[in-house]
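Asker: The primary structure of each chain is shown beneath.
2 protein chains.
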Amino acid sequence: MNNKVPVLEIFGPTIQGEGMVVGRKTMFVRTAGCDYSCSWCDSAFTWDGSAKSDIRQLTDEEVWHELQTLGGDRFDHVTISGGNPALLKSLDKLIDRLHDHQKQVALETQGSRFQEWFYKIDDLTLSPKPPSSGMKTNYEVLDDIVERLQNNGRSQHISIKVVVFDETDFDYAKHIHQRYPSVPFFVQVGNDDLTTTDDDALTRKLLGKYEWLIDLVVATTDMNNVRVLPQVHALVWGNKRGV
Amino acid sequence: MNNKVPVLEIFGPTIQGEGMVVGRKTMFVRTAGCDYSCSWCDSAFTWDGSAKSDIRQLTDEEVWHELQTLGGDRFDHVTISGGNPALLKSLDKLIDRLHDHQKQVALETQGSRFQEWFYKIDDLTLSPKPPSSGMKTNYEVLDDIVERLQNNGRSQHISIKVVVFDETDFDYAKHIHQRYPSVPFFVQVGNDDLTTTDDDALTRKLLGKYEWLIDLVVATTDMNNVRVLPQVHALVWGNKRGV
Ligand code: SF4
Ligand code: SF4
Numbered sequence: 001m002n003n004k005v006p007v008l009e010i011f012g013p014t015i016q017g018e019g020m021v022v023g024r025k026t027m028f029v030r031t032a033g034c035d036y037s038c039s040w041c042d043s044a045f046t047w048d049g050s051a052k053s054d055i056r057q058l059t060d061e062e063v064w065h066e067l068q069t070l071g072g073d074r075f076d077h078v079t080i081s082g083g084n085p086a087l088l089k090s091l092d093k094l095i096d097r098l099h100d101h102q103k104q105v106a107l108e109t110q111g112s113r114f115q116e117w118f119y120k121i122d123d124l125t126l127s128p129k130p131p132s133s134g135m136k137t138n139y140e141v142l143d144d145i146v147e148r149l150q151n152n153g154r155s156q157h158i159s160i161k162v163v164v165f166d167e168t169d170f171d172y173a174k175h176i177h178q179r180y181p182s183v184p185f186f187v188q189v190g191n192d193d194l195t196t197t198d199d200d201a202l203t204r205k206l207l208g209k210y211e212w213l214i215d216l217v218v219a220t221t222d223m224n225n226v227r228v229l230p231q232v233h234a235l236v237w238g239n240k241r242g243v
Numbered sequence: 001m002n003n004k005v006p007v008l009e010i011f012g013p014t015i016q017g018e019g020m021v022v023g024r025k026t027m028f029v030r031t032a033g034c035d036y037s038c039s040w041c042d043s044a045f046t047w048d049g050s051a052k053s054d055i056r057q058l059t060d061e062e063v064w065h066e067l068q069t070l071g072g073d074r075f076d077h078v079t080i081s082g083g084n085p086a087l088l089k090s091l092d093k094l095i096d097r098l099h100d101h102q103k104q105v106a107l108e109t110q111g112s113r114f115q116e117w118f119y120k121i122d123d124l125t126l127s128p129k130p131p132s133s134g135m136k137t138n139y140e141v142l143d144d145i146v147e148r149l150q151n152n153g154r155s156q157h158i159s160i161k162v163v164v165f166d167e168t169d170f171d172y173a174k175h176i177h178q179r180y181p182s183v184p185f186f187v188q189v190g191n192d193d194l195t196t197t198d199d200d201a202l203t204r205k206l207l208g209k210y211e212w213l214i215d216l217v218v219a220t221t222d223m224n225n226v227r228v229l230p231q232v233h234a235l236v237w238g239n240k241r242g243v
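Protein chains in written order, with the UniProt record's numbering: chain A, 1 to 243; chain B, 1 to 243.
Among the hints, erroneous ones may be present.
The list treats identical chains as interchangeable, and a pair is accepted whether it falls inside one copy or across any two copies.
The calculated SDA-like cross-link candidates involving lysine to any residue, where the alpha carbons are at most 20 Å apart (straight line), are [unchecked claim]:
1. Lys120 <-> Tyr36
2. Lys240 <-> Pro6
3. Lys103 <-> Pro181
4. Lys174 <-> Asp48
5. Lys89 <-> Tyr180
6. Lys209 <-> Trp237
7. Lys93 <-> Asp215
8. Lys205 <-> Trp237
9. Lys103 <-> Ser37
Think of the hints as simulated: they come from the structure by calculation, not from any bench.
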């Protein structure tokens with residue numbers, strides 16, 4: 001069995017910009033590869049071939065060593081992001097190693113594949129993709145994942161997050177929330193301007209869309225037990241990578 | 001016993017802009033009165049006499065009625081804010097009434113007074129004030145509050161939040177986190193410009209300070225299990241009240 005992980009970047013410490021542990025001081029490990037190809041993917045370089053030559057096949061020990069070199073004793077939390085890290089059975093060993101060193105582990109996946117190591121993730125975000133992505137949710141798989149996690153006592157460690165670009169996406173978010181009402185639910189504003197370097201203009205635009213999304217949620221009876229968040233890293237650092 | 005609550009404003013639904021349930025769709029009930037007088041208090045009208053004539057003495061039933069009139073079936077969460085709501089023994093009945101109607105309750109207090117009803121709050125934020133406030137923390141009281149909550153199985157329902165304006169405040173935040181290491185800990189950027197109506201300038205300033213605070217946390221070994229947050233409502237709505 002291949003016990004290496006295809007790694008695209010390792011960086012931090014910084015903060016988590018999204019979702020259930022927004023603001024959390026963390027390191028990032030970004031894995032390569034995705035089974036989706038969302039129209040607005042903000043990390044398309046993980047799967048579109050453009051950063052192919054940057055991919056390194058690393059053992060859990062090598063990843064841990066690099067995290068330590070970068071973060072020293074200034075971190076106790078690691079976020080594994082992608083691409084879709086749930087494609088990688090081999091993450092099991094890295095997660096164990098991080099836990100051995102008293103580091104908490106967060107991970108986000110769209111929920112298209114299950115892995116046994118989901119049960120070990122401290123902050124697991126399932127982020128099914130709305131219609132604007134161009135992708136189709138496989139509800140059989142997603143139902144199964146949520147059920148397994150809940151049946152294994154992981155309710156305190158999971159959340160669902162839907163990125164919303166338009167009203168059709170919002171309807172999708174409503175549907176997802178109704179389907180899994182007991183899972184902590186987050187909606188987030190999508191960033192559809194991934195290339196601008198005018199950070200002030202981007203901030204204004206994202207805050208305007210955030211207000212739009214708040215207004216929608218506020219007006220909607222079926223969206224009460226909901227948290228509405230911006231991507232705080234995009235507000236602070238715009239489209240810069242590796243911060 | 002007086003079973004009325006001195007209420008200054010009731011508004012919503014909107015979102016919670018700060019702390020452990022940032023982004024949560026909620027209604028607000030703001031109570032009058034505070035035992036502190038922080039130099040940078042953003043709700044000084046609750047205690048400085050300027051809004052004295054707006055204070056209404058309401059029963060829990062009247063508050064509930066008003067929440068329903070405003071929020072209809074578009075909320076399942078109510079945030080009680082101040083002032084310092086912990087001055088009010090009479091909140092007990094309101095909290096029970098909200099729970100009777102399946103509403104969750106969040107509350108923030110500086111931790112200068114204990115109330116038995118702390119045990120019932122779903123999201124309780126203790127927000128001791130740093131040196132820049134001009135106030136002095138009574139550690140005997142704060143220790144006692146944290147201990148009681150932890151001994152009564154409330155660990156999942158509490159957090160500590162420190163607002164940071166300068167490096168001395170940051171040292172204070174470090175001290176608080178070390179004193180209560182097992183309590184989920186949040187640091188937040190302070191807003192020292194409470195009068196400007198230039199929202200864009202305020203947003204830029206607050207995001208700049210947010211980045212400064214992130215950098216401090218990132219560099220500090222004793223601040224690992226920490227979440228750093230902006231006030232998202234100030235980013236979206238500036239200094240406007242009642243949103
Ligand atoms: S699932 Fe995520 S990484 Fe994959 S294409 Fe969609 S947005 Fe990009
Ligand atoms: S404790 Fe809160 S309400 Fe009271 S003066 Fe300080 S900031 Fe204002």
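Asker: Against this structure, judge whether each hint is valid.
Answerer: The hints, checked one at a time:
no.: 1; hint: Lys120 <-> Tyr36; in the structure: neither (24 Å within a copy, 44 Å between copies)
no.: 2; hint: Lys240 <-> Pro6; in the structure: neither (22 Å within a copy, 48 Å between copies)
no.: 3; hint: Lys103 <-> Pro181; in the structure: between (30 Å within a copy, 15 Å between copies)
no.: 4; hint: Lys174 <-> Asp48; in the structure: neither (31 Å within a copy, 43 Å between copies)
no.: 5; hint: Lys89 <-> Tyr180; in the structure: neither (26 Å within a copy, 37 Å between copies)
no.: 6; hint: Lys209 <-> Trp237; in the structure: both (17 Å within a copy, 13 Å between copies)
no.: 7; hint: Lys93 <-> Asp215; in the structure: neither (43 Å within a copy, 31 Å between copies)
no.: 8; hint: Lys205 <-> Trp237; in the structure: both (14 Å within a copy, 14 Å between copies)
no.: 9; hint: Lys103 <-> Ser37; in the structure: neither (31 Å within a copy, 40 Å between copies)
Consistency note: the structure conflicts with the earlier hints numbered 1, 2, 4, 5, 7 and 9.
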